Amino acid sequence: MSAAIRITQVSKCFGSVRALDHVDLEVQRGEFFGLLGPNGAGKTTLISALAGLVRADAGSLNVMGHDVQLDYRAARRLLGVVPQELVFDPFFTVRESLKIQSGYFGIRDNDNWIDEILENLGLTSKANANMRMLSGGMKRRVLVAQALVHRPPVIVLDEPTAGVDVELRQTLWAFIRRLNEAGHTIVLTTHYLEEAENLCNRIAMLKAGRVVALDTTAQLLRRFSTHCLRMRTDGAMPVELARDAAQNGGWWSLPFDAFDQVEPMLARIRAAGCRIDDLEIGKPDLEEVFVRVMQGQHEGQAG
Amino acid sequence: MGHGFSTLFYKEVLRFWKVASQTVGAPVLTALLYLLIFSHVLAGHVQVHGVVYTAFLIPGLVMMSVLQNAFANSSSSLIQSKVTGNIVFVLLPPISYLEFYLAYVLASVVRGLVVGAGVLLATFWFAPLDFAEPWWIVVFALMGGAILGSLGVIAGIWADKFDQLAAFQNFLIMPLTFLSGVFYSVHSLPPFWQQVSHWNPVFYMIDGFRHGFFGVSDASPWLSLAVVGSCLAVLTVFTLNLLKRGYKLRA
Ligand SMILES: Nc1ncnc2c1ncn2[C@@H]1O[C@H](COP(=O)(O)OP(=O)(O)OP(=O)(O)O)[C@@H](O)[C@H]1O
Ligand SMILES: [Mg+2]
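Heads up: the sequence lines are chains A and B, in that order. Under my numbering, residues 1 to 303 are what the first sequence spells out, in order. Under my numbering, residues 1 to 251 are what the second sequence spells out, in order.
Chain A extracted, bound-state conformation (with noise of 0.2 Å):
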């Protein structure tokens, strides 16, 4: 069987801007899949070709094995993509939105679909809502409705959760966790990492157009360290310990494999004359892998 996604050795420049470097990525049917990586990354131009939005220049696409140019009607009936982008039709209601969507891709009566969306977005008071009139949020949850109008078994979700309220976000990912279970292979893109780390079972990284780490999201979160420390210091860090380090805000975050190795590192921050305000042991997330991920590369590339 095809994978969900193949994407073999994709480049993609925009005048002297590489915004894709050779990416090959798979996913499986039926994955819930996470594309990370920081702003300007490549993300949404991987997502664009993919959809036929954007031509790579070299390497190939496929969506359940059909090729996006050679076969993009095969293609695209089996993808449903959520823009990064919030855009919207000013002419048409929320209702007129999705059954035009639904007549591109060729489905004539999907009112009892539509209605289903509509219900699990939270869109149904607004369905003859003219787009015009509704909240950032709600053209938000209209965009993740056109995605899925034709039942897509690949779904594509660029960002979808930006500058959209708690209840929203709580909505989206229960029913996309309940489409994820009846067999539709998410992919996701987000700068949210906990809600990647909560929802995606692998994860890729992607930095100035490269994959720069691919694994399941267990694996990934072990991998610099099975634990850590985290603590909040007056500013300073012993620069040996600092090395390992990731730092956000004014907490550091120490990595460790085994607890007879906090004493020593509470005492050698003693011995700086480093002062601790707050304090706690717990494992690594992904924010903390993914700050250290993309440190380690620039090193690479400095090196």
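No lab work stands behind these hints, which were simulated from the structure alone. Remember, predicted model here, so these are calculated numbers, not experimental data. Just so you know, even glycine gets a beta-carbon here, dropped at the ideal spot from N, CA and C. One thing to keep in mind: the hints can contain errors.
Stated by the list, open to error - Under 8 Å between C-beta atoms, here's a sample of chain B residues computed to sit facing chain A:
| id | residue |
| --- | --- |
| 1 | His3 |
| 2 | Gly4 |
| 3 | Lys11 |
| 4 | Arg15 |
| 5 | Thr84 |
| 6 | Val88 |
| 7 | Val90 |
| 8 | Leu91 |
| 9 | Ile95 |
| 10 | Asn200 |
| 11 | Arg250 |
Model the placement of chain B with the ligands on the given structure of chain A, informed by the hints.
Relative to the frame of chain A, chain B with the ligands by itself:
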């Protein structure tokens, strides 16, 4: 042609119909004003092909409205979709470039015909009109609308901003339509300008269209048909090629 095509066509028609006062009402009013002013100034002084001037003017205004509105429909729809970004809604589905082209052009033709019919209805009372050879009326309205609809697709795809589209309209479409014998017979022009007019394809669209009303015209309607048909063929091939390559639509 599948349901994707018919939906896109329907959406394009719905789009202008929802704001019909601007997209249909306003151009009808403009044409009516032209008629009132020009016929008031020139009627009694001018006769063309033995037809009173007002009667001569009406088919020209109708056709000019068909052409300008066909162009306006596809070009403004595309540029708006590009600028607002909602063009992705038609780029993501499995709609072929041929379906895309036909949907936009046919919707443009519909808009042109609706406005043209509106102008005809509004101006009809001002002078006696014949419908001597009505099939020419139909043929030239359809083909002229399709040509300008295609040009609108090209302009809408090419322009990145509204002012670029306005330039296309002001420096190409307007001169071509105004210098085409809408307001006069080209035979009344000095020989040099007669020559120039014969290089303007819009002249043949209007001349052929007018032939349908009066059965007389500056050029033979068969010649006009050949010129207009060739233009449509060339533009169709050109536009389809742009769309196939994804020019400016698929980076
Ligand atoms: N149409 C375009 N023309 C020129 N450059 C582009 C275009 N699209 C993207 N780029 C460039 O390609 C690079 C990757 O952009 P992309 O939008 O894919 O990043 P991203 O990972 O989605 O970032 P973000 O998290 O901010 O959405 C950036 O340097 C961007 O400026
Ligand atoms: Mg992006």
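Status of the B:Val88 interface restraint (C-beta, 8 Å, chain A): holds (5 Å)
Supplied contact hint for B:Val90, tested at 8 Å Cβ to chain A: Result: holds, 7 Å to nearest chain A Cβ.
Given B:Asn200 as an interface hint, is the shortest Cβ-Cβ distance to chain A below 8 Å? Violated, about 35 Å.
Hint check: 8 Å Cβ-Cβ cutoff, B:Arg250 to chain A: holds (6 Å)
Does B:His3 hold up as a contact with chain A if the rule is Cβ-Cβ below 8 Å? With a closest approach of 5 Å, the B:His3 hint holds.
With chain A as the partner, please determine if B:Leu91 meets the hint condition of a C-beta pair closer than 8 Å. holds (6 Å)
Satisfaction of the B:Gly4 interface hint, Cβ to chain A closer than 8 Å: OK, holds: B:Gly4 within 8 Å of chain A, min 5 Å.
Should the interface hint for B:Arg15 be scored as holding, given a Cβ-Cβ cut-off of 8 Å against chain A? holds (5 Å)
May I ask you to test the interface hint for B:Lys11 with respect to chain A, counting a Cβ-Cβ separation under 8 Å as satisfied? holds (5 Å)
Return the status of the interface hint for B:Thr84: holds when the least beta-carbon distance to chain A is below 8 Å, violated otherwise. Nearest chain A Cβ about 6 Å off; hint holds.
Hint validation: B:Ile95 versus chain A, beta carbon distance must be below 8 Å. Holds or violated? holds (6 Å)
Hint check: a violation occurs at hint 10 only; the rest are consistent with the structure.
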